[in-house]
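Protein sequence lines, in the order shown, are assigned to chains A and B.
Per this note's numbering: the first sequence = residues 1 to 340.
Per this note's numbering: the second sequence = residues 1 to 340.
In case anyone wonders, no lab produced these hints; they're calculated from the structure.
One thing to keep in mind: the hints can contain errors.
Pairs count within a copy or across copies, as identical chains cannot be separated in the list.
Calculated cross-link-like contacts (lysine-lysine; reagent style BS3-like; alpha-carbon spacing at most 25 angstroms) [stated by the list, open to error]:
#	residue 1	residue 2
1	Lys-326	Lys-84
2	Lys-62	Lys-326
3	Lys-125	Lys-267
4	Lys-227	Lys-202
5	Lys-84	Lys-63
2 protein chains.
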Amino acid sequence: MNTKQPTDKPEIILTGDRATGPLHLGHYVGSLEQRVALQEIHEQTILVADMQGLTDNAHNPKKVSSNILNVVADYLAVGINPLKTTICLQSQLPALAELTMYYSNLVTISRLERNPTVKNEVQNKGFERSIPAGFLTYPISQAADITGFNATLVPVGDDQLPMLEQTNEIVRKINSLAGRAVLNECRPLLSNSPRLPSTDGKNKMSKSMGNTINLGASEKEITAAVKSMYTDPNHLRVKDPGNIEGNVVFTYLDAFHQDKAYVSQLKEHYQRGGLGDGTTKKVLEECLQDMLRPIRERRAEYLSDKAQLIDILAKGSQISREKTEKILFDVKEIFGLNIF
Amino acid sequence: MNTKQPTDKPEIILTGDRATGPLHLGHYVGSLEQRVALQEIHEQTILVADMQGLTDNAHNPKKVSSNILNVVADYLAVGINPLKTTICLQSQLPALAELTMYYSNLVTISRLERNPTVKNEVQNKGFERSIPAGFLTYPISQAADITGFNATLVPVGDDQLPMLEQTNEIVRKINSLAGRAVLNECRPLLSNSPRLPSTDGKNKMSKSMGNTINLGASEKEITAAVKSMYTDPNHLRVKDPGNIEGNVVFTYLDAFHQDKAYVSQLKEHYQRGGLGDGTTKKVLEECLQDMLRPIRERRAEYLSDKAQLIDILAKGSQISREKTEKILFDVKEIFGLNIF
């Protein structure tokens, strides 16, 4: 686990995932591994963002609802401990919707349209002017999520930094209206791990592209994924020198293989010539199979007892409901609306 | 009370007011009078729209919070009976905020920007691109209010018809996703009474323009308002013929004087010449003083017992909370989110 910032003092951490698909190795490297470490020191809440998942999936809601428990099982399988981390479901926390309504009056449409993350996603999804209102305004909803827990530290990728800027703008407006610091400004916690590429080495990881390895991937799926992995397209004969830059197999070995010295040796050999992609892929496959086998097994076990998963989510949501209602009370107080 | 549509069968009626100022004679003619009649036959809910009031007053929240109980006192003073009409406070109904979130994913930004009512208001308020997100999206919040009670009939001015169109578009999308009629489409109930002009005869009624007569206006305020009322600017001498078109005194006499034959006589006399504005204003003033005296007295009495007003609002909000939670449950069911 790598974190840039010192985190000696316990922080209030809010993190989460859109429940639009099972989690994959990209999530593992980018954040899950980090969360498992963070839960030991900090007050960490993980939000399963089903409502946010619907902002661009309202016409295909099964994509969200069918993945809620999968995501919870993914968390547990990688070592998130519900006794140390509160896992909750966004749609079970009405205070977040209410905060979103209040904050919406403090953010202009043009401010939202300037948000680089949203701009980018709107372009990627081809929304243009047919962008759903809920999608354009989701930075406000995210601000409600973060401030609803009064989070001080939010683990994000650097592409998500504009979201925290938007959140802190809202925090400052609320605090200025209140005349005192009701809400905490939050700081980003950037991961030191470089972003994991997709198995095709080109596109963004996406379930529909088939270029990810899910945490629950079967043995066969792992084999197939490693087999089809992008390497050095100019490395045609085993004896030729190969390129490790952009070679996904080596990026994954760097990320997952425990024996860093052995990976260094392999890299040198590959660059010198005489090491075939079949061999490097075999090493990676064995590494991933070993790593994912226990995760897959634990995941399947958790998923075989849905009542337990629901119970974990329900208990976490109850705790979170109390926290978020308190913040909502403070915000409504600013607007003079706690009259009964 | 005039209603265009037949209303023999009990309907579910949702109506309300933004809590941004005390109610005035324009509200009385346009809707309060109608509501007093409707409560005898129908299931009527009146929503005190504090959250909607904040969509363009977030930086001056007192304008909203200080008027909530005033508006409730106005209702009771004109004859709204809390045993027959449920009076509730929007900010006490989290289900409305949650419904707004779900519906936001079904409405595009460009659809909102095309809404004629919003377009008009954006222009009037001089928002242009600095329009708050909550203001642009308030038709979605209104759809949540209406469908949250599964209203079938919504009393509106004709300028509000685009709001009901937007609501019914959302209803059809929700019902289509559900594959069955979960939500009712609503019909407008237009008042037969023509819109009451402001006392200056030119601008929209507004507290800041000082061109309204509040239901709680003092005797002196009524005297001053009638004195300054717009008449016929070319009616310079008593003996000259006067014009009753656009003459606010006559419009108000039409709206409020009980003796229609007497008003007809006055009109003929005025048009013929020989009737001064001082005289017609005296008639109107007497009529308004008689009409508003008991309303003002009842209003003051209600406002002297704030605990009672809060109790009425709290009880109505509790009933409404149960109703709106049921609808929210049905909508969440469509999205597969009632997992615990």
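Results for each hint:
1. Lys-326 x Lys-84: Within one copy only: 21 angstroms inside a chain, 34 angstroms across chains, cut-off 25 angstroms.
2. Lys-62 x Lys-326: This pair counts as between: shortest inter-copy Cα distance 21 angstroms, intra-copy 32 angstroms.
3. Lys-125 x Lys-267: neither (38 angstroms within a copy, 65 angstroms between copies)
4. Lys-227 x Lys-202: within (16 angstroms within a copy, 78 angstroms between copies)
5. Lys-84 x Lys-63: Neither way: Lys-84 and Lys-63 sit 29 angstroms apart in one copy and 44 angstroms across, limit 25 angstroms.
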